[in-house]
Amino acid sequence: MPLHESTVTPKKPMPKDYAFLPKGIPYKTLHCRRLTHEAGQTVYVVQDGKKTLGIRVPKAIHRHVQSLANETLSARRLATEKRDTALVREAAAELDKQFSDMPNGEREMVLKHGFKKYSGRVGRTGQIPMQRKVFYAVIAHIRHRHTDYDTLLKDGMDRDDARRAIQKRLQDMLRKWGAHGDISWYFDHHDENE
Numbered sequence: 001m002p003l004h005e006s007t008v009t010p011k012k013p014m015p016k017d018y019a020f021l022p023k024g025i026p027y028k029t030l031h032c033r034r035l036t037h038e039a040g041q042t043v044y045v046v047q048d049g050k051k052t053l054g055i056r057v058p059k060a061i062h063r064h065v066q067s068l069a070n071e072t073l074s075a076r077r078l079a080t081e082k083r084d085t086a087l088v089r090e091a092a093a094e095l096d097k098q099f100s101d102m103p104n105g106e107r108e109m110v111l112k113h114g115f116k117k118y119s120g121r122v123g124r125t126g127q128i129p130m131q132r133k134v135f136y137a138v139i140a141h142i143r144h145r146h147t148d149y150d151t152l153l154k155d156g157m158d159r160d161d162a163r164r165a166i167q168k169r170l171q172d173m174l175r176k177w178g179a180h181g182d183i184s185w186y187f188d189h190h191d192e193n194e
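Using full-length UniProt numbering, you'd call the opening residue of the sequence shown number 1 and step up by one each time.
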């Protein structure tokens, strides 16, 4: 943990002139934590077992950050919308590049589902390049919409066996939709992220 941070349980009494900020709004957490450190005061991380519930910070800093958050909310929302729009636009361009023969309806479903905000899906991760995100999103779409993969799993088949069972259909659809070049890397060492 950074300097001036201490982990406490929810039962530990609140320090004098401190307030609790629940986990969940990164903007507020980041600013409360930074300003508390800059003031040379302690941030108390409230944990119940392994679950972080929030932080305790000086009341004056808590009030200041609440005020800043309210003042900047519309600008932050606009910036987020712009980033999200740019991400989907980039994904759409990459989708057109990799799968030029994909029908429009399928394309829209891949973009809507695979790049849905807060979904935890591969399209939203920042850990892999867009080229791979798109490829994985298309594979997941084909797997769940155009094969009997889910039925095989429901009937008790092991995940890896189910993936092998639908591999030919998946490869055929990828080629039909315009995938070019070597795609064997995926089938030889498929990534667990998608």
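One thing to keep in mind: the hints can contain errors.
[What the hints assert, rightly or not] For lysine-lysine, the following DSS-like pairs were computed, each having C-alpha atoms within a straight-line distance of at most 30 Å: (1) K50 to K112; (2) K23 to K50; (3) K28 to K59; (4) K82 to K11; (5) K116 to K97; (6) K59 to K82; (7) K116 to K23; (8) K28 to K12; (9) K97 to K59; (10) K23 to K11; (11) K168 to K112.
[What the hints assert, rightly or not] Simulated DEER-style distance windows between Cβ atoms: (12) H37 to K97: 41 to 49 Å; (13) R169 to R89: 26 to 34 Å; (14) T80 to T151: 25 to 33 Å; (15) I183 to P103: 32 to 40 Å; (16) V8 to K112: 40 to 48 Å; (17) H37 to D160: 40 to 48 Å; (18) L3 to H146: 51 to 59 Å; (19) H37 to T85: 27 to 35 Å; (20) T52 to I183: 39 to 47 Å; (21) K176 to P10: 23 to 31 Å; (22) A86 to T52: 14 to 22 Å; (23) P103 to K11: 20 to 28 Å; (24) N70 to H146: 46 to 54 Å; (25) P103 to P129: 40 to 48 Å.
Don't read these hints as lab results, they were simulated from the structure. Since the model is a prediction, treat every value here as computed from it, not as a measurement. Note that CB positions come from ideal geometry on N, CA and C, so glycine has one too.
Evaluation of the provided hints:
Between the alpha carbons of K50 and K112 the distance comes to roughly 34 Å, so the proposed pair goes past 30 Å and is violated. With a C-alpha separation of about 14 Å, the suggested pairing of K23 with K50 holds against the 30 Å cut-off. Distance check on the hinted pair: K28 and K59 sit about 13 Å apart at the alpha-carbon level, within 30 Å; holds. For the hint pairing K82 with K11, the CA-to-CA distance comes to about 42 Å; that exceeds 30 Å, so the pair is violated.
Annotation: proposed proximity of K116 to K97 holds, straight-line Cα distance about 20 Å (limit 30 Å). The hinted pair formed by K59 and K82 fails the criterion: a straight-line CA distance of about 33 Å is larger than 30 Å. Pair hint K116 plus K23 holds up; C-alpha atoms about 22 Å apart against a cutoff of 30 Å. Taking the CA atoms of K28 and K12, the gap is about 22 Å. The hint holds against a cut of 30 Å.
Only pairs whose Cα atoms come within 30 Å are accepted, and K97 paired with K59 is rejected, the gap being roughly 52 Å. With a C-alpha separation of about 17 Å, the suggested pair K23 and K11 falls inside the 30 Å cut-off, and the hint holds. Of the pairs offered as hints, the one joining K168 and K112 holds, with about 26 Å between alpha carbons and a cut-off of 30 Å not exceeded. Between H37 and K97 the Cβ separation comes to about 44 Å, which falls inside the hinted range of 41 to 49 Å.
Between R169 and R89 the beta carbons are some 30 Å apart, a value that agrees with the proposed interval 26 to 34 Å. The beta-carbon spacing between T80 and T151, approximately 38 Å, falls outside the hinted interval of 25 to 33 Å. Separated by about 19 Å at the C-beta atoms, I183 and P103 break the suggested range of 32 to 40 Å. The hinted window of 40 to 48 Å between V8 and K112 holds, with their beta carbons roughly 43 Å apart.
Taken as a hint, the range 40 to 48 Å holds for the pair H37 and D160, whose Cβ atoms sit roughly 47 Å apart. A C-beta distance of roughly 54 Å is found between L3 and H146, which places it inside the suggested range of 51 to 59 Å. The supplied range of 27 to 35 Å is met by H37 and T85, whose beta-carbon atoms lie about 34 Å from each other. The supplied range of 39 to 47 Å is met by T52 and I183, whose beta-carbon atoms lie about 41 Å from each other.
Between K176 and P10 the Cβ separation comes to about 56 Å, which falls outside the hinted range of 23 to 31 Å. Distance hint check for A86 and T52: the Cβ-Cβ separation is about 31 Å, which falls outside the suggested range of 14 to 22 Å. About 58 Å separates the C-beta atoms of P103 and K11, a value inconsistent with the hinted range of 20 to 28 Å. N70 and H146 have their C-beta atoms about 47 Å apart, which keeps the hinted 46 to 54 Å range intact.
The hint said 40 to 48 Å for the Cβ distance between P103 and P129, and at roughly 25 Å that hint is violated.
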